[in-house]
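Undergrad: Spelled out, the chains give:
There are 6 protein chains.
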Amino acid sequence: MSNPVKDAWKQGRAVVNGWLGIPSAFSAELMAKAGFDSLTVDMQHGIQDYMSTVACMQAIQAHPVTPLVRVPWLEQGIIGKVLDAGAMGVICPMINTPAEAKALVSACRYAPVGTRSFGPVRAAIYGQGGAYFDTANDDIAVIAMIETKQALDNLEAILDVPGIDAIYIGPSDLGITLGLPPRLDREEPEVMTIYERLLKEAAKRNIAVGLHNGTPEYALKMIKMGFRFTTVSNDAALVGVGALRDVAVMRKG
Amino acid sequence: MSNPVKDAWKQGRAVVNGWLGIPSAFSAELMAKAGFDSLTVDMQHGIQDYMSTVACMQAIQAHPVTPLVRVPWLEQGIIGKVLDAGAMGVICPMINTPAEAKALVSACRYAPVGTRSFGPVRAAIYGQGGAYFDTANDDIAVIAMIETKQALDNLEAILDVPGIDAIYIGPSDLGITLGLPPRLDREEPEVMTIYERLLKEAAKRNIAVGLHNGTPEYALKMIKMGFRFTTVSNDAALVGVGALRDVAVMRKG
Amino acid sequence: MSNPVKDAWKQGRAVVNGWLGIPSAFSAELMAKAGFDSLTVDMQHGIQDYMSTVACMQAIQAHPVTPLVRVPWLEQGIIGKVLDAGAMGVICPMINTPAEAKALVSACRYAPVGTRSFGPVRAAIYGQGGAYFDTANDDIAVIAMIETKQALDNLEAILDVPGIDAIYIGPSDLGITLGLPPRLDREEPEVMTIYERLLKEAAKRNIAVGLHNGTPEYALKMIKMGFRFTTVSNDAALVGVGALRDVAVMRKG
Amino acid sequence: MSNPVKDAWKQGRAVVNGWLGIPSAFSAELMAKAGFDSLTVDMQHGIQDYMSTVACMQAIQAHPVTPLVRVPWLEQGIIGKVLDAGAMGVICPMINTPAEAKALVSACRYAPVGTRSFGPVRAAIYGQGGAYFDTANDDIAVIAMIETKQALDNLEAILDVPGIDAIYIGPSDLGITLGLPPRLDREEPEVMTIYERLLKEAAKRNIAVGLHNGTPEYALKMIKMGFRFTTVSNDAALVGVGALRDVAVMRKG
Amino acid sequence: MSNPVKDAWKQGRAVVNGWLGIPSAFSAELMAKAGFDSLTVDMQHGIQDYMSTVACMQAIQAHPVTPLVRVPWLEQGIIGKVLDAGAMGVICPMINTPAEAKALVSACRYAPVGTRSFGPVRAAIYGQGGAYFDTANDDIAVIAMIETKQALDNLEAILDVPGIDAIYIGPSDLGITLGLPPRLDREEPEVMTIYERLLKEAAKRNIAVGLHNGTPEYALKMIKMGFRFTTVSNDAALVGVGALRDVAVMRKG
Amino acid sequence: MSNPVKDAWKQGRAVVNGWLGIPSAFSAELMAKAGFDSLTVDMQHGIQDYMSTVACMQAIQAHPVTPLVRVPWLEQGIIGKVLDAGAMGVICPMINTPAEAKALVSACRYAPVGTRSFGPVRAAIYGQGGAYFDTANDDIAVIAMIETKQALDNLEAILDVPGIDAIYIGPSDLGITLGLPPRLDREEPEVMTIYERLLKEAAKRNIAVGLHNGTPEYALKMIKMGFRFTTVSNDAALVGVGALRDVAVMRKG
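Chains as they are written, first to last, in full-length UniProt numbering: chain G, 1 to 253; chain D, 1 to 253; chain B, 1 to 253; chain P, 1 to 253; chain E, 1 to 253; chain S, 1 to 253.
What the hints contain is simulated information worked out from the structure, not anything from laboratory work.
What you are looking at is a predicted structure, and each value in this text was computed from that prediction instead of being measured.
Idealized CB from N, CA, C, for every residue including glycine.
Treat the hints with care, since some could be wrong.
[As the list claims (entries may be wrong)] In silico BS3-like pairs for lysine-lysine, Cα to Cα no more than 25 Å straight-line:
no. : chain 1 : residue 1 : chain 2 : residue 2
1   : D       : Lys252    : G       : Lys224
2   : P       : Lys221    : P       : Lys204
3   : S       : Lys224    : S       : Lys10
4   : S       : Lys102    : E       : Lys252
5   : D       : Lys10     : G       : Lys252
6   : D       : Lys33     : P       : Lys221
7   : G       : Lys149    : P       : Lys102
8   : G       : Lys102    : G       : Lys33
[What the hints assert, rightly or not] So these bits of chain D aren't anywhere near chain P, every CB distance computed over 10 Å:
no. : residue
9   : Ala55
10  : Arg122
11  : Ile194
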């Protein structure tokens, strides 16, 4: 086993990520076929639960795409379950303190590093030669969301927690805690300054930085700025925005 | 109760239809919000079964959109089930003979017109004042797919069957039986000639004609030609094509 | 194995049947606990499909209640599936001709009597000593719905088809084909005359007669009249009518 | 967007609430049609999980009824998920201390009031003009269950936590912690004294008080006493009690 | 695209097939990992419906195993649906006459050969270069079950129907129609004689012959006899028989 | 109500337990029929969620087998939900401290012993005479997993927590925290020494000790050593290992 997402980060390449919010393995297959490097099942804000997450991961297994999961919250039970089901990485919302960062790492790693419980029922099917245990602590990507003012205040301490592979920025929540309206693809100078600080501090520690984007055009700019994990499409938005566009053409016609 | 799709046809207006192939009530809601006149759950080629069809119809009920269902095949059991579940119209594939057209009408109408069995468990929730039975035979749209050479050979006889409200053209299947490759948004002159014949014969009998389109631009042209029921978006295509486009932008970037 | 419903008929006792239209194994358990002799999953007009039917039968297995299924239509595929899943009887809608009656019997019986295919994957779990095959042709109840004028015209010929264990009257459909509005618990003299004829002809042939009722009070009268299989409750009606009643109390209060 | 339940409370009107414990969107529709002001999906003691909760909320969206959810426990992950899925209020069990009350409010409110994460994927479909964020902190009803002796000991401090819109009494759990058997529709004088205290303290702070009732008759009395949120029907009880009643009529007959 | 099962037949190799009767994509993955050449979702006697069939096919897509489906009955609607969902072959029960054989071939082939309708929504994801249509008529395996005395009587005429790729023997049903008890792994001389006739007549026409076996040991013997498609494991039996064996060890211990 | 598992422990008998990791009520029925004393739905490492757990418990209710659930983690919400759904015992992973042991007991017991909330919607269906509440605190088995070095360090204090009915050993996790590779059926002398200590300390306090085994043969040895709760089969392993064995026979043949 190995994790192409972590390999890309080691090589300084940016990962193109898609987002699965529709609880359908068929929709997930359609996304997988498009050629993303990774797909993230969004159990936090998507209409996804554990079973739909498993179904999505089963459906994309045939494609050369790395399965990731954003869990609903920092809770060890669900983190263990999605890893056992085959997720190659966990994005965890609202990591605001070093203690939370440590708890996240612990939930994702077997002893002696952490407290993950052993039983990778589905994950081991796809591990090489039964060696899932031997490499899982290295392979699984631990991705902490930095998305509040509190997290920024604790940034260095959070990044210093051993075992954080990447951080992921939620622009809407970050904005809200800064007193700005929620939105993606932000341009405010104060936010840009924050992004630069995040990239700099993360780079010092060899930690990749990811961003949730609304458009590929914006994501491309962010890759140039240094982001190495960029979400650029969301199945629910593809349906919703695409349908609105088609209806608009008809109504104008 | 009344059926806005049939009302539009009576008034000569074209209906803008969306297509639901992803078995997800959430995806269906996103489509419903876009403003289509009607949404068709595709039980034939979509990844849909009876339960997902019910879930999609439940989810779009809050929106001003008329729920239609394309059934898998001319089979009275499933036609009755989707009508009982609240479909306001049935699109039935492969109506190639007058006998098949009669069987379709019969399955959609209560006696003495047809043989539909009474028990509109979900449909009656949304009927007005318990009067579902009184108006259902008028309200339900019976839509026969004309999509083979055999159907063209029998066209007038099929159209003469009392109770057919509309016909719906499947360009791929029609093409295949004519020796052409399957595709939407056809431009072949021989196909245009067929479309003209269909529109003319249907118009004589006050029957609306619908078409499955790949793009709204093509659909607009077809409305000008006389089509009154045009499918212009497909949730699965919105995801698949949209994702490919986004990834392409990233890979080029 | 044996079938308590058929045993009751042999002994001249009336069977009290409940109706499952809500696709929930939990709702089915609540019904099962109430003490019905049998419960019928309604795949025709209920919001039920094959999988919800299996789940309902699994959930009621712990209770002393005989599982029956009303199939959507006379189609051998689904009849075989529900029997394999453990149904002890099949109620089939719209048996209007002796040919349809014969097809129904054939679908429910193994050769040489019929054409049922062998593979009772779930049913055999609950058969005694693996002897499912040996007794299934005797145990399974074949119940033909008589619910149209056409069926009345063919009544004697239908009843003469060997293997029909019972007939079941659908008062709404029967009414519709007679030009009456659909309803349960009918009182029209012409309908009573029909019921008397049905009871008399069936009794001659040792065939039980069942009726779909709206209230237990009416069902009790019908048992006195000779009916031996009476549906008296419907989970969907219990919810819908009960909720309306509770809200009415509150609004008056 | 606005929340009719909160509007009613502002105007001093009592809200008539129904309870959804059967995991079925169809059952939920039947309840919705009955005319309740609000319906609460019970994820704590009902046979409901996140996906069935979403399905129930989708199915009742077409009706003028406000969707609420009782979450299984005070856990921010699931609170965020049901709000994102469109719940207009959260009932949280076992709020026994001011700290728990604060955590509940925090989970339901965006910064700077709380720590809810932004991503109302389904909720925003039904928000007006994309303005979900602008009004959500005002619209969402935060309802803390007071149902233990410990909560009574901390009552004033709990009620003083800013952001609690209502409290909801669980008579069974309250009884248990007082050494009484679990039951609804209690009449014990000591309990009445507690209810009076709750109503008085809540009224001082403009907080509505709700009660879980077993019958509409009892609920009416409680409205006169001052309760402004009264649960009066439960789909599972409607099935279970109704079926028992019907069978009893038959067995007596 | 190509079909490794048909390739094996062309090369005279025997295909080792597994059987999926448990409606679980996870169970299907476990089977897929075991190294079968093909896996057949059993929609006839297994606890499978269309949606569970799709889920099983999605889950095994990552493995080098060819997905086949046994449909419930000869019905064009479901045959089209499983092919559109990605089945590379259809096993159809109870093909007893040349007319039934022709109907089966027709349902599996596009015009001009047959009457399959075009819309391979999931299948095309895994077709090469969008060329699904071009090769599907060649790639899809049409497998007719020969399992009754009537079919034996019509054997040559059935085998002469163009487009039958293989026949599949159901030993239980075959036995029943011959007056023998249902069982697998038969040894009766009269059955062996039948098998020899089947193999001889099929070989003449270049048609592969398959058999449903209860043990791999018996299947190996049958391969030596000439069978080229042998089912040797069944997930439900692996659970049921394996659990009985483990409990027996414990009870004896 | 009573709990046969606790009865067995009182009488010093060993309980033979099966393990459900496949999310299928059908697979659960097959396991139940095999004759285990108890079956445990594994929500931690199995592909199970709350709804599949309920379905499995519904399906095994007809069999004389006691339903247990391993919850994903020590979280009161899910513990309450599985008990309300009818679990007769809870196995909780990773009980490492007396505080965690107390929290587990509290979540499983009604006041005044614990903090379980009342509402046994499904459990009460199967309680005797509505007396679920009266005996639940005695009947429900509270089973703490001892599976880390930390738990061993705290062993006596954990066992001294009132209300722990049994402990359950996870050999893989125990091994990992001891620096050994994860596996079942361990033979290392240091592990045997630990098992002996666990059995001795538990016996002093009348607490049963359970073990997760890979084979019945090993389990029999462990029963002789003193274990009174032995898991000996796992549905997922029966499928996976059984299929591998069958394919191996074929490939060798």
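Undergrad: Look at each hint and say if it fits the structure.
TA: We went through each hint and held it up to the structure:
no.: 1; hint: D:Lys252 / G:Lys224; verdict: 14 Å, holds
no.: 2; hint: P:Lys221 / P:Lys204; verdict: 21 Å, holds
no.: 3; hint: S:Lys224 / S:Lys10; verdict: 17 Å, holds
no.: 4; hint: S:Lys102 / E:Lys252; verdict: 38 Å, violated
no.: 5; hint: D:Lys10 / G:Lys252; verdict: 22 Å, holds
no.: 6; hint: D:Lys33 / P:Lys221; verdict: 42 Å, violated
no.: 7; hint: G:Lys149 / P:Lys102; verdict: 20 Å, holds
no.: 8; hint: G:Lys102 / G:Lys33; verdict: 35 Å, violated
no.: 9; hint: Ala55; verdict: 6 Å, violated
no.: 10; hint: Arg122; verdict: 6 Å, violated
no.: 11; hint: Ile194; verdict: 40 Å, holds
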